[in-house]
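Chains A and B, in that order, are what the protein sequence lines are.
So the first sequence is residues 2 to 84, counted in my numbering.
So the second sequence is residues 2 to 84, counted in my numbering.
Please keep in mind that the hints were generated in silico from the structure rather than gathered at the bench.
Incorrect hints may appear among the rest.
As the list makes no split between identical chains, a pair holds if one copy fits it or if it spans any two.
Stated by the list, open to error - Below, a list of computed lysine to any residue pairs in the SDA-like style, where the Cα atoms sit at most 20 Å apart: (1) Lys84 with Ala74; (2) Lys53 with Tyr29; (3) Lys10 with Pro27; (4) Lys84 with Asp49; (5) Lys8 with Lys53; (6) Lys84 with Met60; (7) Lys45 with Ile26; (8) Lys45 with Pro27; (9) Lys10 with Lys53; (10) Lys53 with Met28; (11) Lys84 with Glu67; (12) Lys45 with Tyr29; (13) Lys84 with Ala70; (14) Lys53 with Ile42; (15) Lys84 with Cys17; (16) Lys8 with Ala74; (17) Lys45 with Met60.
There are 2 protein chains.
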Amino acid sequence: ADIDAGKTKSSTCANCHGRNGISAIPMYPNLAGQKEAYLAIALKAYRDGTRKNMVMGPMAQQLSDEDIADLAAYFASLDPSGK
Amino acid sequence: ADIDAGKTKSSTCANCHGRNGISAIPMYPNLAGQKEAYLAIALKAYRDGTRKNMVMGPMAQQLSDEDIADLAAYFASLDPSGK
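Model the full assembly from the supplied sequences, consistent with the hints where possible.
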């Protein structure tokens, strides 16, 4: 997984989850400092439809395994306090 | 929601998600400092089965709306860096 590539790919994510991985929207989770393995599992579950969400499903379906690995590594690398 | 009550109710959660809300298991998410509204949505989705998980489903089914509110408030109140 490539953290820098994940950062590049994360611009869409940032609209809801924050540029620093801290969501501005209470319904949406913070991603900063979250477990990398969990983030990848969540994105794959959205992609394959086992986790259903009208926002995340269509976006996750655009992602390759490599994209998911890069995004998970990037958000896991961020400071969980948002700094 | 009652943070202190949430702490009391959180002992089962701590087995996987950590006493400080930082999971010791890479597959499982950190909860410390997560958005309160998101945590409540997640627990309700596990409870009603719209989010399917063999571990979380049966546990969430034990929870009342008040339990969920208390647990969400408690984990949201924890330091996201785990301190």
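Hints, one by one, checked against the model:
no.	hint	in the structure
1	Lys84 with Ala74	within (17 Å within a copy, 22 Å between copies)
2	Lys53 with Tyr29	both (14 Å within a copy, 18 Å between copies)
3	Lys10 with Pro27	neither (23 Å within a copy, 23 Å between copies)
4	Lys84 with Asp49	neither (33 Å within a copy, 36 Å between copies)
5	Lys8 with Lys53	neither (25 Å within a copy, 30 Å between copies)
6	Lys84 with Met60	neither (26 Å within a copy, 34 Å between copies)
7	Lys45 with Ile26	between (23 Å within a copy, 18 Å between copies)
8	Lys45 with Pro27	between (23 Å within a copy, 15 Å between copies)
9	Lys10 with Lys53	neither (22 Å within a copy, 28 Å between copies)
10	Lys53 with Met28	both (15 Å within a copy, 19 Å between copies)
11	Lys84 with Glu67	neither (27 Å within a copy, 33 Å between copies)
12	Lys45 with Tyr29	both (18 Å within a copy, 14 Å between copies)
13	Lys84 with Ala70	neither (23 Å within a copy, 28 Å between copies)
14	Lys53 with Ile42	both (13 Å within a copy, 13 Å between copies)
15	Lys84 with Cys17	within (17 Å within a copy, 26 Å between copies)
16	Lys8 with Ala74	within (9 Å within a copy, 30 Å between copies)
17	Lys45 with Met60	within (11 Å within a copy, 23 Å between copies)
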